[in-house]
Amino acid sequence: MPCKYDGNMSNAGKNLDMTVDLAGIRMKNPVMVASGTFGYGPEYADFVNLSELGAIVVKGISAEPCEGNPVPRMVEVKSGLVNAIGLQNPGVAKFIKEYMPFLRKHDVPVIVNIWGKSVEEYERVAGCLNDVEGIAGLEVNISCPNIKEGGIAFGTDPKSAGRVVSAVRKQTRLTLIPKLSPNVPDIGVMARAVEDAGADAVSLINTMPAMVIDIETRKPVLANTVGGLSGPAVHPVAVKLVWEAWKAVKIPIIGMGGITCAEEAIELMIAGASAVAVGTANFTDPSTASRVVKGIREYLARHGMACVKDLTGSIKTR
Amino acid sequence: MNIEQAQIKEVQKPGEQYRIIVLNCPAIAGSAAPGQFVHMLLPGLKDITLRRPFSIFKAEDGNIAILYKIVGRGTSALSMLAAGDEVDLMGPLGKGFPCDIAGEIPVLVAGGYGVAPLAFLAKRLKTQGVIFIGGASAADILCVKEFEKLNWEIRIATEDGSMGDKGLVTEVLKAWLDKNPERRPVLYACGPDGMLKAVSGLAVDRDLKAWLSLDKHMGCGVGACLACVQKLKFPDGHTGWGRVCKDGPVFEAREIVWN
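Chain order of the listed sequences is A and B.
With our numbering as the guide, the letters of the first sequence map in order to residues 1 to 318.
With our numbering as the guide, the letters of the second sequence map in order to residues 1 to 259.
Hints may be right or wrong, so weigh each one.
Per the computed footprint, the stretches of chain A lying under chain B, defined by three or more beta-carbons under 8 Å from a beta-carbon of chain B, are [unchecked claim]:
| # | stretch |
| --- | --- |
| 1 | 37-48 |
| 2 | 63-75 |
| 3 | 94-107 |
| 4 | 285-292 |
Taking lysine to any residue pairs in the SDA-like style, the calculated list, with each CA pair at most 25 Å apart, reads [what the hints assert, rightly or not]:
| # | chain 1 | residue 1 | chain 2 | residue 2 |
| --- | --- | --- | --- | --- |
| 5 | B | K231 | B | G194 |
| 6 | B | K233 | A | G24 |
| 7 | A | K170 | A | P70 |
| 8 | A | K94 | B | D47 |
| 9 | B | K231 | A | K170 |
| 10 | B | K216 | A | F47 |
| 11 | A | K240 | B | D47 |
| 12 | B | K216 | A | K240 |
| 13 | B | K233 | A | P70 |
| 14 | B | K231 | A | A167 |
| 15 | A | K97 | B | H238 |
| 16 | A | K94 | B | G237 |
| 17 | A | K219 | B | K233 |
No wet-lab data here; the hints were simulated from the structure.
All residues carry an ideal CB built from backbone N, CA and C; glycine is no exception.
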């Protein structure tokens, strides 16, 4: 799809209201960067003005350090990539010590993505982050396809998902955002389950389970054999699932999946997203989020709209 | 570190499968150090998601040059571009070779197009040394003239014997080290993992420093995605992942835990 709104009309929409209040998180604009594609902030600080982002969602953190999967961990495919990093992270204590001082220096909401191998581990990491200054919300990963225990096992069964979310809810006052898997028969059922369990918002989609085989060796390319597909290839899937989730729940939705330019972000918002996250495209072009913000402004100006909020769920029936 | 739209000034063809391209990117060229790389986004290829890393071969007069082998989708697409075309570059990225080696002789070991960052290094080193260039065949031996111009001693090895000594470049290196035990060189190497592992073994056996530049498939290029990790041994003795793009691509031989 050609990108008409690519941020080239620099004067467009100066007086537009681009702010979003996402279940208590006040954002300058609705465009955040997705977990796992932006490190913990410093990695991209030379290329991106972090204070211009709607929010930063940092790479997944667990109660204890995690080594992740063996290599190879990532392979490019047509219109996307398949990864099986395996949630490598330094653990919550080191994250707070090493990265929070840096993140606090920037005028941008920080959402910490958390995960665990058991309900108790989710509770523990959420508890550790409760009194840390400078954190706006917790994104609870119940949908990673790349670890055997936990992760997606919680995210494909509404009862398990509800159990994790209500356990984390008891531990935190922060805005609580479960991240849902696309790999479920009915996303509405999952979204309602986490809403009922106390979620303030919901983010989707995580990567789609996928696999790549090297036909010369006949071996899987990834050391983990299977991984998660992301990038432009998954975008229409995300549009459909955001739309279905929007019909199912009242809490706001963060839409993500294959955003490379403003048009795809606008499409997700029309489908029901209150905010969007740029993921894989950060690797291609670190300025994607800023291009998307400019492009949304141009679109609003061209359509005579004053507030970005009015885009959310503005889909018309056929 | 910068993102620059770089115009291709010139394309050279040093061999059937090899290309050198000269790119105008003043900010990157002005701050590039040997062993660092640029992360390239190819234009007009919408189904390519990831940038491609290329080590810097030359950096002078506002231009950089890269030397690459056509091996896959990215490099095939790159080989279709001509002078006047533009690519998007992030760089210079990564930690390069240490260049301060007072009094010691630099010995460089290249496998195939791994010679590219070493040619840049030789230009920046104050001391002349010895370069060992290896490849499968004569067609894979590149940059000999670059080192001749700098008056370096050049040793060539090909696996089929079509140029220089017949055999692996590391065998020729070993013979040289055995013959010159009084010289205490600092080794610098870039090439396939097997070659780097062999250089590492020779260096550790002789208690020499060896700086190895690793070639890995990368995602983000800035340390965020954790795709290009390498198992390392840290000073306190514990092992863990290092990011080749950010913590490397150059590591000292003793840091690397080989598979």
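Each hint, compared with the structure:
1. For the stretch 37-48 of chain A, the stated coverage by chain B holds: 7 residues have a C-beta nearer than 8 Å to a C-beta of that chain, and at least 3 were required.
2. With 7 residues having a Cβ less than 8 Å from any Cβ of chain B, the stretch 63-75 of chain A passes the three-residue criterion, so the hint holds.
3. Note: the stretch 94-107 of chain A has 0 residues with beta-carbon separation from chain B under 8 Å; the three-residue rule is not met and the coverage is violated.
4. Evaluation of the coverage hint for the stretch 285-292 of chain A: fulfilled, as 3 residues show C-beta separations to chain B shorter than 8 Å, against a requirement of three.
5. Taking the CA atoms of K231 (chain B) and G194 (chain B), the gap is near 16 Å; set against the 25 Å cutoff, the hint holds.
6. Simply put, K233 (chain B) and G24 (chain A) have alpha-carbon atoms about 44 Å apart, too far for the 25 Å limit, and the pair is violated.
7. Distance restraint check for K170 (chain A) and P70 (chain A): the Cα-Cα separation of roughly 35 Å exceeds the 25 Å cut-off, and the hinted pair is therefore not satisfied.
8. The hinted pair formed by K94 (chain A) and D47 (chain B) fails the criterion: a straight-line CA distance of about 37 Å is larger than 25 Å.
9. Simply put, K231 (chain B) and K170 (chain A) have alpha-carbon atoms about 38 Å apart, too far for the 25 Å limit, and the pair is violated.
10. Proposed proximity of K216 (chain B) and F47 (chain A) is supported: the alpha carbons are some 22 Å apart, at most 25 Å.
11. A threshold of 25 Å between alpha carbons decides the hint, and for K240 (chain A) with D47 (chain B) the separation of about 22 Å falls inside it, so the pair holds.
12. Restraint check for K216 (chain B) and K240 (chain A): not satisfied, since their Cα atoms lie roughly 36 Å apart, outside the 25 Å limit.
13. Pair hint K233 (chain B) plus P70 (chain A) holds up; C-alpha atoms about 16 Å apart against a cutoff of 25 Å.
14. With a CA separation close to 36 Å, the supplied pair K231 (chain B) and A167 (chain A) exceeds the 25 Å bound.
15. In summary, the hint linking K97 (chain A) to H238 (chain B) is supported, as the alpha carbons are separated by about 20 Å, within the 25 Å threshold.
16. Our distance criterion of 25 Å between C-alpha atoms is met by K94 (chain A) and G237 (chain B), whose separation comes to about 19 Å.
17. Pair hint K219 (chain A) plus K233 (chain B) does not hold up; C-alpha atoms about 29 Å apart against a cutoff of 25 Å.
Of the hints listed earlier, those the structure fails to meet are numbers 3, 6, 7, 8, 9, 12, 14, 17, in rising order.
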